[in-house]
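Participant: Starting from the known structure of chain A, arrange chain X on it as the hints suggest.
2 protein chains.
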Amino acid sequence: MSRPVVEFWYEFASSYSWLSVMRIEPLAQAAGVEVEWKPFLLGPVFLALGWNDSPFNIYPPKGRYMWRDLERLAARYELPFRKPSGFPRSSLLAARVALVGVEEGWVASFSRAVMQANFAEDRDIGERAVIADILSAQGLDADAVIERAQADANKLALRRQTERATELGLFGAPSFRVGDELFWGNDRLDDALAWARSHGAG
Amino acid sequence: MSRPVVEFWYEFASSYSWLSVMRIEPLAQAAGVEVEWKPFLLGPVFLALGWNDSPFNIYPPKGRYMWRDLERLAARYELPFRKPSGFPRSSLLAARVALVGVEEGWVASFSRAVMQANFAEDRDIGERAVIADILSAQGLDADAVIERAQADANKLALRRQTERATELGLFGAPSFRVGDELFWGNDRLDDALAWARSHGAG
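In order, the protein sequence lines correspond to chains A and X.
Anchor point for the first sequence: position 25 equals 24 in numbering that gives the first Met the number 0, and the numbering is continuous, going up by one each time.
Anchor point for the second sequence: position 161 equals 160 in numbering that gives the first Met the number 0, and the numbering is continuous, going up by one each time.
Think of the hints as simulated: they come from the structure by calculation, not from any bench.
By construction, the Cβ of each residue, glycine as well, lies at the ideal position given by its N, Cα and C atoms.
Each hint should be verified, as a subset may be incorrect.
Dumping the calculated DSBU-like pairs for lysine-lysine here, alpha-carbon to alpha-carbon at most 30 Å [to be verified]: (1) A:K82 x A:K61; (2) A:K61 x X:K61; (3) A:K82 x X:K61; (4) X:K154 x A:K61; (5) X:K61 x X:K82; (6) A:K154 x X:K61; (7) A:K61 x X:K82.
In silico negatives: residues of chain X with every beta carbon more than 12 Å from chain A [what the hints assert, rightly or not]: (8) S1; (9) D68; (10) R71; (11) E103; (12) W105; (13) L169; (14) G171; (15) G184; (16) R196.
The following block holds chain A by itself, in its conformation from the complex (with noise of 0.2 Å):
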């Protein structure tokens, strides 16, 4: 018997996909659950629904909610926390470099601090600049990184996984999948870890 598997679909401009970013490793490790990192685009996903920008700046209330809902999560979970001056960020470097770090195996961590620069150090997660820092800080060689992340295989790789999310009736990030159940929001990241423990081996 395999050990359960969760997919964890996420998007680097994501208020709550942040906070599982930072949450996951180790409920997971807790619960004996294997996290198959899915970064995405929302973008398209959200283009596909008829929006143009994040929900949460179409719909003024609910983004004035949102804002404060994060503020009080982040001291919940000791996260620190300050609200970007730019939202949603480009994503689009950031994602295809953590392709790269999937099949490299440092995703986790990069993933982490681009959180971590988007959502405690206001710093834009768009720019190539902030990027090959954080690779650099990783240990990691940025310009070849990026390179590989910039080839055309690995962006029709993303474009791929990203038309995979709304073939998979996604449309929100953080997601979760444990076979074919699906799971909305950072609220539902223990409910998808429980099923995968109690449904997921293989």
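Facilitator: Okay, now just chain X, sitting in the frame of chain A:
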């Protein structure tokens, strides 16, 4: 020092409101928190956001997910559930009657019975006969209550309560308020009660 209070804003057609209506009383009691029942209509609130239907109907992937999520949550809370054959059902009469129930002290049990009819028995709560049936089963004089519910002053009171929801920044249901602190969704019921305990005593 008075007892802490949570305002409970809910809509009879709303699936997640169903869960909170069924759950809130024992949880609030255990927390030592008083519940102010605030029935309102989501329709006008949604219209102000540009939606002329439930977002679960406008955005099919959200709707598919919601019904599955609801099924899982109903199992967790051990609530009988049958997917309503119409969604969202007209909740105008039920909300008007509930306002009378707030005045007369029977809003909690009436609200649970309406939710049970809508989400466990697939009865059309938009029909006067169904509401009358529920009132009678509560030992109330159905015709007299419905007449009070349909009086101009009560109709106006519901309209005002719904306008107030928009003014307060509500954008969905259930919502909970403790002072100026807003919590959205059945997922935040426990947080709202905990907040009321620690911040809400007058």
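Participant: Compare the structure with the hints numbered earlier in the document and write down the numbers of the violated ones, lowest to highest.
Facilitator: Of the numbered hints, 9, 10, 13, 14, 15 do not hold.
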